[in-house]
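Chain by chain, the residues:
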Amino acid sequence: MGILPDEIKPAMQGVIPSHVVTCSRDGTPNASAISQVYYVDADHVALSHQFFNKTKRNIEENPRAAVWVISPETFEAWDLELEFVGSETSGPVFEVMEMQIEAIASIVGMKGIFKLRAADIFRVTAATKAVGERIPLTEIRAPR
Amino acid sequence: MAVGAAVHHDRRTVTVFVPTARASRLLRDLASNGRIAVGVSLASHEAYQLKGTYVSSKPTDDAERAHQEARRNSLLASALEAGYPEAIARPLTMGLAYTPGVAITFRAEEVFLQTPGPGAGTLLS
Amino acid sequence: MPADPLDPAGLRELIVENQATIDRLNRDLARKSNEVRIIQQISSEITSTLDLDEVLGVVLSALDRVLGFEHSMILLKGLTDDVLRVAATRGYPDQGTGARVAMGEGVIGVVAERRKMMRMGSIGASMRYLKSVRARMEAAGEVGPKGPAATLPGLADVQSQLALPLTVKDRLVGVLSVESREPNAFDELDEVLLRIVGNQAATAMDNARSYRTVEQLGRLKRFFSPQLAELIVQGGADDPLKTHRREVTVVFLDLRGFTAFAETSEPEELMEVLREYHAEMGKLILAHEGTLERFTGDGMMIFFNDPLPMADAAERAVRMAVAMRARAAQLATRWRRLGHELDLGIGVAKGFATIGAIGFEGRWDYGAIGTVTNLAARLCGEAKPGQILISPRLLPEVEGLLEVEDVGLLAVKGLARPVRAMNIVRLHDTA
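Residue numbers (my numbering), protein chains in the order written: chain A, 1 to 144; chain B, 1 to 125; chain C, 1 to 431.
It should be emphasised that the hints constitute simulated quantities derived from the structure, not laboratory data. Ideal Cβ placement from N, Cα and C applies to all residues, glycine included. Any given hint could be a false lead.
[Said to hold, decoys possible] Within a straight-line C-alpha distance of at most 30 Å, the following computed DSSO-like cross-link-like pairs (lysine-lysine) qualify: (1) Lys131(C) <-> Lys9(A); (2) Lys51(B) <-> Lys129(A); (3) Lys115(A) <-> Lys146(C); (4) Lys116(C) <-> Lys131(C).
[To be verified] Counterexamples of contact, computed for chain A against chain B with all Cβ distances above 12 Å: (5) Ile3; (6) Glu7; (7) Tyr38; (8) Asp41; (9) Ala42; (10) Glu60; (11) Glu88; (12) Thr89; (13) Ser90; (14) Val96; (15) Met99; (16) Ala118; (17) Ile121.
Given the sequences, and given the hints that come with them, work out the whole structure.
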C-alpha cells in the first residue's frame, strides 16, 4: 500500500531521538524515548527495545502504539500509528539493526555486552505530518 | 509534544505546555480517559516518566510563555553540551512553534526512571 | 475527459500532455544514462592498470571526482591473517596507511566479519547513547571500566558512513569505506553505486595483487630459496630487500687447514671436498631455517631472525652450530683417511645489523653489516678446531641448553671492551 513516503526516511536514521507511546488494556498510557525507528518498507517499521519492559508488556496486552519521529533535514515531526506484528531474532531486518549496534558497541567498549535482543516489527496504519509547528529556520539563526 | 513544563508548589501538580496545533487530539483523549503519561527526556539521555490523572486545561498566558522561552534557551544549551551538532540542536529546540499553546495540568501519581541502562523502569515515587 | 483530437483546443491539450510525458521520460533516461556513463567511466579507469597501488588510487579518485565521496579508504585483508590494513586513503589529512582494524571492530570490522554492506547516518547520536548507557552500567557495577580505546582509522567526528565488503569468488579481499561529517549523508542510491564500483574494484585489486605476488616472488627467488621467497610474499610483510635494521644471531664458520689443503691438492679433489662440505652444511642451514648470507670458498655466514622473524633465533643458531660441528667431525674423519687435515671452527654472536640488498646491477646479494658480523667472524677466527665460540650476549637465552667453558677475553675491532668468549662443550640433551 505504501503509507510511508520517501521523505520520511531521513527521520528514520536515528539522528534525532524518537518517542513511542503504548497503552495497557485498562487504558494506562506509557511513554518512552527511543534512539531510532528503523524503516523496513513503506508499510512497516522496526523498533529495538533494550530496556523498556513496560512497553513490551503493554504491546502484549494491546498491540497498538504511537510513534513520533523528527526529520533532521526539515525538522518536521511525523506521527505514526502502529500495530505490532511480531518480534524477530533473525532475518534481514534484524541483521541490519544488529550490525549497527555491534559496530558502535565495539567502539565504546561494549562488545558482546550490549546486543540486540530482538527487532520488534510494526505495521504502519497511519502516518501524519504535523503541520503549523515550525518556526521558519530563518528566524532562529544563531546570533552572529 | 510539549515545550516546557512547570511543577506547582505542592510538588504534585504539574502543568505541561503543548502547542495548540497539536493539542486537539490529546484533549479529546484526555476527556475520555483521564490518565496521562508524560515522558521527560534530557539531552544527556537522562529520562523520567510521570504518570497521573488529568485535571484541567486552558490557553497559555504571557507568564507561561515567558517561562517557555527561558526553557527553550536552556534546552538548546544542554543539547549542545550533550554533543548535538549546532545544525541539529538549534532548529530542533528553537524551531518548534510553542505559541499559541495549551497548558495541560495533571496530578502526578507515579514517577519512573527511564534513563536507558540499569534501573530503567524503576518506580521512583 | 479525454481531449477530442479533432478540436483545435483539444489537440493542443493532447500535445502539451504528451510533451510533459516526453520531458519526464527524457529526464529519467538522462539520469539513467548519466549513471551508466559514470559507472562505465569508473570501470574503464579501474581496469586500466595492473599495479595495485594505482588501482586503489584510481578507485578512490573516481569516487571523489565522479560520485562526490570526499573521504574514502580501502583496507586489504592480510593474505595469511584476518587483520584488515589500510592500503589507500583519500580526503584524510593523515594518510593512515598501514593502520589496522580487527574483525568485528567498528563499522569496517563488522562489515568484514558479516560480509554485508552497512550504512549509518547518525554515528554521533548512537555513540552518545551507548556511551551514556555504559557509564550507567559502570556506575552500577555491571561492567568494568573501559580499557584504552583502539584508535580506528577514519574521521574523528564522523556522522555518516557507508562501507562494503570487497569479495572475489566468496573470498574476502578487503573493505571499501566512505565517510562524511554530515548526518544522513548517504542514501539507497549511493549504496547501489558503491556496490557496483566495489565489485569492479575487488576484481581489479585481486588481479593486481596476484600480479604483484608473482612479480615479487620472481624477484625474491634470486636471493632466497623458493620456500623462503614464498613465505616472505605470503606474510605480506615489508619488502626485505629494502635496507632495514634488525637484531640477528650470526653464525660464522670456516675450515681450518683449508689453505694448506688448497695448495697441495688436485683441483678436482678440492672441488669435491668443497661440494661435500657445502652440501652437508647447506642441509643443516635449511633444516634450522637460517639465512645464508655468503660463502667464500671454505667460509660461511648464516644469520637468524631475518628476513623471517623468529622468537627462538639464538636457540636455532646454537643447535645448528652444534649439529654442524658433529657432521663436520664425521666428514673430517673421512678426509683424514684421504690425507687431508680439515677441521671446522665456528663463532656465534648476537646484535643489531643493517640488512638489505648489497652489490650492484646484475650482482646483488642479501647482506648484513654490523659489529655483530665482525664479532662472529672474530670468534670464528679464534676458535680452535672443534670449538664453537659464542658471545656472552647469547647466554641468557641458551645457557639452559648448553654446557659451556670460559676461554678468556678477546679484543674485537669496533668494540671498546674485550669480549669474554665461551666455548660450547656440548648440548645438555645429548649423551
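These are the hints, each one checked on the structure:
For a cut-off of 30 Å, the pair hint linking Lys131(C) to Lys9(A) stands: about 26 Å separates their Cα positions. The suggested pairing of Lys51(B) with Lys129(A) holds, with an alpha-carbon distance near 27 Å, which does not exceed 30 Å. With a CA separation close to 17 Å, the supplied pair Lys115(A) and Lys146(C) stays within the 30 Å bound. For the hint pairing Lys116(C) with Lys131(C), the CA-to-CA distance comes to about 25 Å; that is within 30 Å, so the pair holds.
Even its closest Cβ contact with chain B, about 18 Å, leaves Ile3(A) beyond 12 Å, as expected for a residue assigned away from the interface. Every Cβ of chain B is farther than 12 Å from the Cβ of Glu7(A); the closest lies at roughly 17 Å, confirming the non-interface assignment. With 12 Å as the threshold on Cβ separation, the claim that Tyr38(A) sits away from chain B holds: the shortest Cβ distance comes to roughly 17 Å. Listed as outside the interface, Asp41(A) is consistent with that label: its C-beta sits roughly 26 Å from the nearest C-beta of chain B, beyond the 12 Å cut-off.
A cut-off of 12 Å between C-beta atoms confirms that Ala42(A) is not in contact with chain B; the least separation is 24 Å. With 12 Å as the threshold on Cβ separation, the claim that Glu60(A) sits away from chain B holds: the shortest Cβ distance comes to roughly 15 Å. The Cβ of Glu88(A) lies farther than 12 Å from every Cβ of chain B, with a closest approach of about 21 Å, so its non-interface assignment holds. Annotated as non-interface, Thr89(A) keeps its C-beta farther than 12 Å from every C-beta of chain B; the closest such distance is 21 Å.
Non-interface status of Ser90(A) relative to chain B is upheld: no Cβ of that chain comes within 12 Å, the nearest being about 24 Å off. Under the 12 Å C-beta cut-off, the non-interface status given to Val96(A) relative to chain B holds; the minimum distance is some 21 Å. Non-interface call for Met99(A) relative to chain B: holds, since the shortest CB-CB distance, roughly 20 Å, exceeds 12 Å. Interface exclusion of Ala118(A) from chain B stands, the closest Cβ pair being 16 Å apart, more than 12 Å.
Ile121(A), annotated as away from the interface, keeps every beta carbon of chain B farther than 12 Å; the closest lies near 21 Å.
Hint compliance for this structure: every hint is met.
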